[in-house]
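A.B. asks: The chain contents come next:
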Amino acid sequence: MEDVAIIGVGLHPFGRFPGKSAVQMGADATRLALGDAGVEWKDVQFAVGGSYEVDNPDSVVTYLGPRGIPFTNVYNGCATAATSLDLVVQMVGLGAYDMGVAIGMDKHPAGAFSADSVEYALPAWYGETGHFMTTKFFGMKINRYMHDHGISESTLAKVAAKAFRHGEKNPNAFRRKPLTEEQILESPMLNHPLRQFMFCAPDEGAAAVVVCRASEAHRYTSKPIFVKATAVRTRNLGALEVHGTWASSTPVDGPTVEASRAAYEIAGLGPSDVDVIQIQDTDAGAEIIHMAENGFCADGEQEELVQAGETEITGRLPINTDGGLIANGEPVGASGLRQVHELVHQLRGTAGDRQVPGEPKVGYGQLYGAPGTAGVTILST
Amino acid sequence: MPNPGVTLAQVEIAPSLFTWPAEQPQLIGSRCDSCAALTFPVQSHCPSCGGTTSEHHLPRTGTLHTWTTQEFPPVAPPYLTPVGKEFQPYGIGWVDLQGEIMVEARLTEADPAKLRFDMPVELVVIPFATDADGNEVMTYAFAPVTEQ
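Read top to bottom, the protein sequences are chains A and B. So the first sequence is numbered by the working numbering: it starts at 2 and just counts up by one. So the second sequence is numbered by the working numbering: it starts at 25 and just counts up by one.
Since the hints were made in silico from the structure, they are not lab data. Glycine included, C-beta positions come from ideal geometry on N, C-alpha and C. Nothing false has been slipped in among the hints.
A short list of chain B residues far from chain A (calculated; beta carbon distances all over 12 Å):
1. 33
2. 47
3. 49
4. 50
5. 57
6. 84
7. 108
8. 146
9. 158
10. 169
11. 170
Looking from chain B toward chain A, a few residues come up when the C-beta cut is under 10 Å (computed):
12. 89
13. 105
14. 125
With the hints as constraints, model all of the structure from the sequences given.
C.D. replies: Below, the structure written as structure tokens:
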């Protein structure tokens, strides 16, 4: 397996863009990534495009220039973008191609995600009786976690406030206005204990990443960022995940834990090697839980770490430096590539106002979502 | 609108989901004939070993492993109850049935102040919506066990 390098990243701002299609955003993000890499669309040998709303992400070639290249469309829940990158990295690493692009794009209507439960291998009554909501899972999960491990409501609010503060420093973010912890704690309760301003919202955006063989990367950039690992995992039998009618009485590790372990093993690295972190913050509670599930702390340590400011840009564990999903919103197909875009800039030292000091060398990205799927990416200089 | 004085007919939300009508209803799951793994609801093939399964009635009491409240209306359809001004927030949680299996369930209690982790709960069958024909649609839920 050959090493793979990222030589270009591009991002269309996240937010709401009436009149602009997700595919157009995907084309813009791709052009930015190609420009960043100093290559042209005609140099790209294959692509993988991910989206929830767009049936055919590959239709982006209409704008970029159709050339008959292999273009695979993927959808893997909230792990879609990690999956797109995983496939591109695997194919270059296995020697099938020299250069590929992972593209993610989405344009969601406002309001919570909804679908037909039957298409999730769940009975019709699941949706009819009000079980089929993603936010309820996150409420239930953090509710128990706070009880078991001594996490306070103040810590939830601090995580959300950090997201909005980082959003203010990110010109591409959706929500750029800082909110106080008081404002967050006074926002309407959606799913106890999670309030409105503790949640991300589905929105619109696109991102793209250009990848090539590590041995060729020096032709394009003086600072290639190497992909040390990608790992995608789905749920184990009996795990308590986003949508489900039953689970095992004895706890079963979720897909984030599995993907994280696998990625560290592939990379030959551990959590203490990581300098900058992008983890799934569907809501503030998810960020807290994912700190432990990705190995960055033991259960319960988040309380002290967050209260002490250790997850800020200047802290020991800088998390979601670009504002995460809470400030950027969630265009499903693009989110993981947004995480990679931020990690690459952090590792290059070009993150501007959001730069983590001390020349970070290892970046870690993680996604998680329905129906119980996770993707982890580890990058290094 | 049903005529006053006319009793509404009751229908289950789905067949063979719970025993009903029954004094002491139970959820209907399946148990693997080979490895004894349980699922809820019934699955024709065991997801653990692939074996054949038989119907298995689950314990009707358990403890509340975790819960939340649904304060905003789910998208309708598919949600069956009114979602405008008449929407009623509800509790929803995971119930551990005697260590055999956990199930996701609506709760009869929607006030967070009245719900406690690991509190004893029992299965009830409740009306929760009216269908197009005017029937009361019945579903399962768990209710806190009241001390006598």
